[in-house]
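*Asks:* Model the placement of chain B on the given structure of chain A, informed by the hints.
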Amino acid sequence: MAPKSRAYWIACYAILAVYGVFTLLPIAYLIVSSFKTQQQIYDGVASTFWFTPTLDSYRFIFETKPILQMLTNTAIVSVGSTLFSLVFGTIAAYGLARYKFRGRDDLAFYILSIRMFPPIVAALPIFMIFNSLDLLDSKIGLIIAYTSFNLPFVVWMMTGFIKSVPVQLEEAAMVDGQSQLGAIRDILIPVLRPSILAVGIFCIIFSWNEFLFALILTKSQAKTLPVAIPEFITWTEVGWNYVAAAGMVLVAPVLVFSFLAQRYMVRGMSMGAIKD
Amino acid sequence: MANIEIKHLKKKFGALEVIGDFSLQVDDREFISLLGPSGCGKSTILRIVAGLEELTSGEIVINDKVVTPLEPKDRDIAMVFQNYALYPHKTVFENLAYGLRIRKTPAERIKKRVGEVSQLLQIDQLLERRPAQLSGGQQQRVAMGRAIMREPAAFLFDEPLSNLDAKLRNHMRVEIRELQQRLGITTLYVTHDQVEAMTMSDRIVVLNHGAIEQIGKPLEIYEKPASLFVATFIGSPSMNLIRLKSDGKALELPSGDRLAVERAPGGEVILGIRPERIKLSGTRSGNSLPYAISLVEELGSQKIIHGRVGDTELTVAFPEDVPLPADGAFVSFPEGHLHFFDTGEGKRLNRGL
Numbered sequence: 000m001a002p003k004s005r006a007y008w009i010a011c012y013a014i015l016a017v018y019g020v021f022t023l024l025p026i027a028y029l030i031v032s033s034f035k036t037q038q039q040i041y042d043g044v045a046s047t048f049w050f051t052p053t054l055d056s057y058r059f060i061f062e063t064k065p066i067l068q069m070l071t072n073t074a075i076v077s078v079g080s081t082l083f084s085l086v087f088g089t090i091a092a093y094g095l096a097r098y099k100f101r102g103r104d105d106l107a108f109y110i111l112s113i114r115m116f117p118p119i120v121a122a123l124p125i126f127m128i129f130n131s132l133d134l135l136d137s138k139i140g141l142i143i144a145y146t147s148f149n150l151p152f153v154v155w156m157m158t159g160f161i162k163s164v165p166v167q168l169e170e171a172a173m174v175d176g177q178s179q180l181g182a183i184r185d186i187l188i189p190v191l192r193p194s195i196l197a198v199g200i201f202c203i204i205f206s207w208n209e210f211l212f213a214l215i216l217t218k219s220q221a222k223t224l225p226v227a228i229p230e231f232i233t234w235t236e237v238g239w240n241y242v243a244a245a246g247m248v249l250v251a252p253v254l255v256f257s258f259l260a261q262r263y264m265v266r267g268m269s270m271g272a273i274k275d
Numbered sequence: 000m001a002n003i004e005i006k007h008l009k010k011k012f013g014a015l016e017v018i019g020d021f022s023l024q025v026d027d028r029e030f031i032s033l034l035g036p037s038g039c040g041k042s043t044i045l046r047i048v049a050g051l052e053e054l055t056s057g058e059i060v061i062n063d064k065v066v067t068p069l070e071p072k073d074r075d076i077a078m079v080f081q082n083y084a085l086y087p088h089k090t091v092f093e094n095l096a097y098g099l100r101i102r103k104t105p106a107e108r109i110k111k112r113v114g115e116v117s118q119l120l121q122i123d124q125l126l127e128r129r130p131a132q133l134s135g136g137q138q139q140r141v142a143m144g145r146a147i148m149r150e151p152a153a154f155l156f157d158e159p160l161s162n163l164d165a166k167l168r169n170h171m172r173v174e175i176r177e178l179q180q181r182l183g184i185t186t187l188y189v190t191h192d193q194v195e196a197m198t199m200s201d202r203i204v205v206l207n208h209g210a211i212e213q214i215g216k217p218l219e220i221y222e223k224p225a226s227l228f229v230a231t232f233i234g235s236p237s238m239n240l241i242r243l244k245s246d247g248k249a250l251e252l253p254s255g256d257r258l259a260v261e262r263a264p265g266g267e268v269i270l271g272i273r274p275e276r277i278k279l280s281g282t283r284s285g286n287s288l289p290y291a292i293s294l295v296e297e298l299g300s301q302k303i304i305h306g307r308v309g310d311t312e313l314t315v316a317f318p319e320d321v322p323l324p325a326d327g328a329f330v331s332f333p334e335g336h337l338h339f340f341d342t343g344e345g346k347r348l349n350r351g352l
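Sequence order for the protein chains is A and B.
First residue of the first sequence? That's 0 in numbering that gives the first Met the number 0, and the numbers climb one at a time after it.
First residue of the second sequence? That's 0 in numbering that gives the first Met the number 0, and the numbers climb one at a time after it.
If we strip away everything but chain B, and leave its shape as in the complex, we get:
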């Protein structure tokens, strides 16, 4: 059981700076996801924590011990790789046992521990097989098992679910999270999948171009994105963004319509509103706008509706069990769910709201 501390981490490949001043504190038993698009440096950070990659400057602390100069083997961590990296020439039993064999653990203890771990992960029927004879989900489980064999100080996951099909991915997501909570192991989890990050993490670190955009609990990130990047990266379908003018009391949409609001930042701003927060109805009310529907996507659990307010495109998520208004639809924006971003760097403006 341990904490991980990353202090002022910088990484350059030649002249190219991929990570500039990254600091993060992962508390004991915490599950933190590093979330970002490919090439944002999230895997590099993980590999630096593991000791597989050198850092340019900064410090890594695991379990209150500075491990920066140490080799991976001396860091007391376990890692699950995207391609699982199971040893193809070894049986499942030997894959699990390898870490303990290196440490010259007595054969009986190894056997006992393999028994425990394989039962925990329901792979005890597969111990004599080789990785090539396993399905993707089974390989994933063996990789997990290998990681927990030694009861390491911390788990590192590098996109462990991205090679699985969608159904299995959902299943393994739950399994990994349950296992992590049961064992209480500090975890750093790299993913580009927002659903994985949202559903599994205690906290999410959203990364872009090697810098932190936002750190927060999943709902904080969803409800109060710190920047345009976070706002559009999290949530599906993604947040509607409308560039408009505001005088603090009313918003003037590109269509010319005016929306009265209690409080808004003034000047030229970008308004963000999530498709599932927009109210759609067949009757006009005080603050609603006429909405022309152009396409309806049926998802079963909900409908995704594409349409326009004037010339402004607007996506609305609509519950499946409510019939769509037959003619003449109107949308309204509940004030508590409006996000404002500046037009320059895209920083969130309504921090207090």
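Extracted from the complex, chain A is given alone in its bound form:
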């Protein structure tokens, strides 16, 4: 490849810089707003990034709402639904990847297509069913709901990953003296571990941020943090600083987590793009 000219690189970095500002500015705005008083929010463009910071908003939200409990709920529901999705999704994916049966490809596409219609379509039926099963406002209920949304994604991704592992690895283990299940446990799962991790990260992030079903299916006990955030906008006041502070509490763990898990996420997104 011919070396690129200086102008090419200047243009490249200019575009990247604009894009970086475009994506990061809202987050920067969220951060600064969380350290302001309500008055400072409206102080004008000049003082957007120039003000005396205060922790008042944080103090307020932790005093008025059970933020920690909701954060714990969010964590439990995210991790729980991710574990269930990975276990059942990988089992289903194994069947789709390793066995030929009539209608296999149709079934795989049908599973993926569940992911394609808007979740709100299922909201009312799920509410009715959960109501009669006494699952409303329970973490288990939310875990079941999120699992059902994550499953198609897990099945689809894991099917691809399993297909990319030569079946001869399992066969070699079986000839070596292992049962089929043993071969899956000893050979396939360890080989797939980075892929499982990558898919799991996407599941966790989806469940962590989910708003719609948490709003419909929970009330107090199982309420997750995303649902609580807009409650700082009431009919008497619009507490942008509180919204920002609660948003920060919600976003911070994800930011740290994503940063640590970066290389697995890249693997997940570039699946199949490169040959190992």
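Because the hints were derived from the structure by calculation, they are not lab data.
Treat the hints with care, as some may be off.
Listed below are the simulated DSBU-like cross-link pairs for lysine-lysine, each with C-alpha atoms no more than 35 Å apart in a straight line [to be verified]:
id, chain 1, residue 1, chain 2, residue 2
1, A, Lys162, B, Lys89
2, B, Lys9, A, Lys99
3, B, Lys278, B, Lys244
4, A, Lys162, B, Lys9
Computed beta-carbon distance windows for the label pairs [what the hints assert, rightly or not]:
id, chain 1, residue 1, chain 2, residue 2, range
5, A, Ser178, B, Glu93, 14 to 20 Å
6, B, Glu93, A, Thr53, 57 to 63 Å
7, A, Ile113, B, Leu15, 23 to 29 Å
8, A, Leu24, B, Ala106, 58 to 64 Å
9, A, Ile14, B, Ala106, 54 to 60 Å
We put the CB at the ideal spot given by N, CA and C, even for glycine.
*Replies:* Chain B only, in chain A's frame:
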């Protein structure tokens, strides 16, 4: 040490019959190759013997024990795969040790055995590496090592050399054969490469469309091919085939030339003669035919000469150190090396010759 017996094996995929009534007896310490073009069912047979594929009917016996209903793990066999199938997340040591670990062999015995096997295969310097850090030849050796770790009753090879480059392939061919003879392990070897089959095997099974064309020692197969398929599949460059009429005493070539022979089947037949058996000379003799050379391929060790007798194309392999006749070449066919096949099914006609 064991024998393998395959009795009346049949395999269907749905309505498609891929193997129809295949029987084979592999004796103790014998090396048998299953040779055939891709899609002839040779790998399927091997996988059925291993227990990785189910059979439609028939019976597999290993070491005088019927293993047909058993899982691969209970068949006491070892297999080397085309892609080696080394466990990518395990070190070479753990790849070798895995079979013994499953059997709960004490750690010290495992270590000792890995030491023996890795020395035998000269991979003892690589034990801490992972498969991705090995060259193709090294991976091949580890795969072999994994197979011999447990001292199985039989070896199964599924085209183990086809992923190697030509030079390494020749080398590993010798190594595998030497190892097999040294350890004396009964071996079933699947390949589409006639050179591998010819050089390594005690006996070769030539397969076509799931049926046996011929079973025999390498030279038998080469010297007395049982059918047109075998005749053309074995040997490079492949056998010359000429369709002609015979009255039992003379052959009438398409060019009109007549060749006197002592004995030949009568009627319309296909004559086969290997390029390296044809005599080429610059002088006409009693039973020779004029030969027009059109192209000479230099191979170093020999020349491959393409040409015609009348309109009939004929390939001749000619030793390198003899100069080609300058003008006017003649070919003659030594009678002991003529093969006759029927024009219908292509079966060999001169069984006795």
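*Asks:* Each hint needs a verdict: does it hold in this structure or not?
*Replies:* To see whether the hints hold, each was checked on the structure:
With a C-alpha separation of about 20 Å, the suggested pair Lys162 of chain A and Lys89 of chain B falls inside the 35 Å cut-off, and the hint holds. Distance check on the hinted pair: Lys9 of chain B and Lys99 of chain A sit about 21 Å apart at the alpha-carbon level, within 35 Å; holds. For the given pair, Lys278 of chain B sits about 22 Å from Lys244 of chain B by alpha-carbon distance, which is consistent with the 35 Å threshold. Taken as a hint, the Lys162 of chain A and Lys9 of chain B pair is honoured in the structure, with Cα atoms around 29 Å apart against an allowance of 35 Å.
Checked against the hint of 14 to 20 Å, the pair Ser178 of chain A and Glu93 of chain B passes, with Cβ atoms roughly 19 Å apart. Separation of Glu93 of chain B from Thr53 of chain A is about 58 Å and conforms to the stated range, judged on CB atoms against 57 to 63 Å. Remark: the range hint 23 to 29 Å for Ile113 of chain A to Leu15 of chain B is contradicted by a beta-carbon distance near 35 Å. Restraint check, Leu24 of chain A to Ala106 of chain B: a C-beta distance of roughly 60 Å satisfies the suggested window 58 to 64 Å.
For Ile14 of chain A and Ala106 of chain B, the Cβ-Cβ distance of about 59 Å falls inside the hinted range of 54 to 60 Å, so the restraint holds.
Comparing the model with each earlier hint shows a violation of hint 7 alone; every other hint is respected.
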